[in-house]
Amino acid sequence: MPRKILESNLPHVFINCPFDDEYKPLFEAIRYTLIVNGYEPASTRDSDNGAEVRINKIVRLIRSCIYSIHDVSRTELDSINKLPRFNMPLELGLSLGKGYFSSKKKGSLLILDREEFRYQKFISDIGGQDIKAHKNDPEMVIGAIREWLTSTTTGQIQGTSFILKQYLHFKSSMKNLCNKLKIDEGKYSYKDFNSLVRYHHIVYQQWLLTNSSVSDDLDKETGGLILW
Amino acid sequence: MSTKERAVRKDIRIGALEKKLGLEAGSIRNPDGTDARSDKKLETLKKEYEDAKKNFRK
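Going down the list, the protein sequences come from chains A and B.
Take 4 as the starting number for the first sequence in this note's numbering and just add one per residue.
Take -14 as the starting number for the second sequence in this note's numbering and just add one per residue.
These are computed hints drawn from the structure, not numbers from a lab.
Do not take every clue at face value.
According to the in silico footprint, chain B covers these stretches of chain A (three or more CB under 8 Å from chain B) [claimed, not checked]:
{"no.": "1", "segment": "124 to 138"}
{"no.": "2", "segment": "160 to 171"}
{"no.": "3", "segment": "193 to 202"}
Label pairs and their calculated CB-CB ranges [claimed, not checked]:
{"no.": "4", "chain 1": "A", "residue 1": "Gly158", "chain 2": "B", "residue 2": "Phe41", "range": "45 to 53 Å"}
{"no.": "5", "chain 1": "B", "residue 1": "Phe41", "chain 2": "A", "residue 2": "Ile58", "range": "45 to 53 Å"}
{"no.": "6", "chain 1": "A", "residue 1": "Gln132", "chain 2": "B", "residue 2": "Lys32", "range": "40 to 48 Å"}
{"no.": "7", "chain 1": "B", "residue 1": "Ala(-8)", "chain 2": "A", "residue 2": "Glu142", "range": "31 to 39 Å"}
{"no.": "8", "chain 1": "A", "residue 1": "Gln132", "chain 2": "B", "residue 2": "Arg42", "range": "34 to 42 Å"}
{"no.": "9", "chain 1": "B", "residue 1": "Asp24", "chain 2": "A", "residue 2": "Arg121", "range": "27 to 35 Å"}
{"no.": "10", "chain 1": "A", "residue 1": "Glu119", "chain 2": "B", "residue 2": "Lys43", "range": "34 to 42 Å"}
Straight line, CA to CA, 16 Å or less: simulated EDC-like cross-link-like pairs of lysine to aspartate or glutamate [unchecked claim]:
{"no.": "11", "chain 1": "A", "residue 1": "Lys185", "chain 2": "A", "residue 2": "Asp195"}
{"no.": "12", "chain 1": "A", "residue 1": "Lys124", "chain 2": "A", "residue 2": "Glu79"}
{"no.": "13", "chain 1": "B", "residue 1": "Lys38", "chain 2": "A", "residue 2": "Glu188"}
{"no.": "14", "chain 1": "A", "residue 1": "Lys168", "chain 2": "B", "residue 2": "Glu28"}
{"no.": "15", "chain 1": "B", "residue 1": "Lys43", "chain 2": "A", "residue 2": "Glu79"}
{"no.": "16", "chain 1": "B", "residue 1": "Lys43", "chain 2": "A", "residue 2": "Glu25"}
{"no.": "17", "chain 1": "B", "residue 1": "Lys26", "chain 2": "A", "residue 2": "Asp187"}
{"no.": "18", "chain 1": "A", "residue 1": "Lys27", "chain 2": "A", "residue 2": "Glu150"}
{"no.": "19", "chain 1": "B", "residue 1": "Lys(-5)", "chain 2": "B", "residue 2": "Asp17"}
{"no.": "20", "chain 1": "B", "residue 1": "Lys(-5)", "chain 2": "B", "residue 2": "Asp24"}
{"no.": "21", "chain 1": "B", "residue 1": "Lys39", "chain 2": "B", "residue 2": "Glu3"}
{"no.": "22", "chain 1": "B", "residue 1": "Lys26", "chain 2": "B", "residue 2": "Glu3"}
Small disclaimer: the values here were computed from a predicted structure and weren't measured.
C-beta: ideal position from N, C-alpha, C; glycine also.
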């Protein structure tokens, strides 16, 4: 029996993606979209337990999460070793394997790449899967995730333009948010970021509800950061 | 038009509020991000947000 690692009752989404600085804007946009729509992002960054073997941690997460997102865009050769990184395709394989071999309720997974059909040149066996292109653009990744989330629920998911509007407000409010939560703006961690999103979600939605009588001014006023 | 004339009743349902604000269904969420039921009252949700903000932990 796997050890319980997931704390909240929200549906968890395992995120399998690069953790480098170049990918950070996309990784943050993915987590933002999930959190504000009631999903809990899960990744190996959640736990800093150095004693645990990494592949065990990954398997435990894949087993525990009903949904997963896999970005296979990082295929460049390493500048030192001249080899590509195979971790993302490996973890995608584990998730696909779970779907084929597990008797548990089937979940859903989303595969992302930079460009449409590019994957056919390096991982053609996943042809037939629905793969979304993001062109390294956070706005496109938000749209792709939003579209996929609608297929995972009978409930409503926020529209892409509404998520984008909130996200832009969130990004422009980082300084205020970090001050409020006593987080160093330049050094926020993986967990700090998730907290910042959750806090912003509360404040933004609360503002929307409190100021619903003056909705005509919503764009103007949220742009001016009156929430703070 | 004055703000008072456009005031929203606190017992308005979320579905009706979204329409009034010109928002897509599902734009207004619960504090945990889940979809707020369209028949939920505005005042109930506002109270939940007040509690969520007060009890927020990093």
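Each hint tested on the structure:
Against chain B, the segment 124 to 138 of chain A contributes 0 residues with a C-beta closer than 8 Å to a partner C-beta. That does not satisfy the three-residue criterion, and the hint is violated. As drawn, the segment 160 to 171 of chain A meets chain B at 4 residues by the rule of a beta-carbon pair under 8 Å; at three or more, the given contact holds. Coverage of the segment 193 to 202 of chain A by chain B holds [criterion: at least 3 residues with CB-CB distance below 8 Å; count 5]. Here the CB-CB span from A/Gly158 to B/Phe41 is close to 24 Å, at odds with the stated 45 to 53 Å.
At roughly 35 Å, the beta carbons of B/Phe41 and A/Ile58 sit outside the given window of 45 to 53 Å. In this structure the supplied range 40 to 48 Å holds for A/Gln132 paired with B/Lys32, their Cβ-Cβ distance being about 44 Å. Judged by the Cβ atoms, the range 31 to 39 Å given for B/Ala(-8) and A/Glu142 holds: they are separated by roughly 35 Å. At about 39 Å, the beta-carbon gap between A/Gln132 and B/Arg42 stays in the expected band of 34 to 42 Å.
Checked against the hint of 27 to 35 Å, the pair B/Asp24 and A/Arg121 fails, with Cβ atoms roughly 45 Å apart. Checked against the hint of 34 to 42 Å, the pair A/Glu119 and B/Lys43 passes, with Cβ atoms roughly 39 Å apart. With a CA separation close to 10 Å, the supplied pair A/Lys185 and A/Asp195 stays within the 16 Å bound. For the hint pairing A/Lys124 with A/Glu79, the CA-to-CA distance comes to about 13 Å; that is within 16 Å, so the pair holds.
Between B/Lys38 and A/Glu188, the direct Cα distance comes to roughly 21 Å. Violation of the 16 Å bound is thereby established for this hinted pair. With a CA separation close to 25 Å, the supplied pair A/Lys168 and B/Glu28 exceeds the 16 Å bound. Restraint check: the Cα-Cα separation between B/Lys43 and A/Glu79 comes to about 36 Å, which exceeds 16 Å; the hinted pair is violated. Of the pairs offered as hints, the one joining B/Lys43 and A/Glu25 is violated, with about 26 Å between alpha carbons and a cut-off of 16 Å exceeded.
Of the supplied pair hints, the one linking B/Lys26 and A/Asp187 is violated, its CA atoms being roughly 38 Å apart against a limit of 16 Å. Taken as a hint, the A/Lys27 and A/Glu150 pair is broken in the structure, with Cα atoms around 21 Å apart against an allowance of 16 Å. Taking the CA atoms of B/Lys(-5) and B/Asp17, the gap is near 21 Å; set against the 16 Å cutoff, the hint is violated. The straight-line distance between the Cα atoms of B/Lys(-5) and B/Asp24 is roughly 13 Å, inside the 16 Å bound, and the hint therefore holds.
Proximity of B/Lys39 to B/Glu3 is assessed by CA-CA distance (about 25 Å); at most 16 Å being required, the pair is judged violated. As the CA atoms of B/Lys26 and B/Glu3 are separated by approximately 12 Å, the hinted pair is consistent with the 16 Å bound.
The structure is inconsistent with the numbered hints 1, 4, 5, 9, 13, 14, 15, 16, 17, 18, 19 and 21, although it conforms to all the rest.
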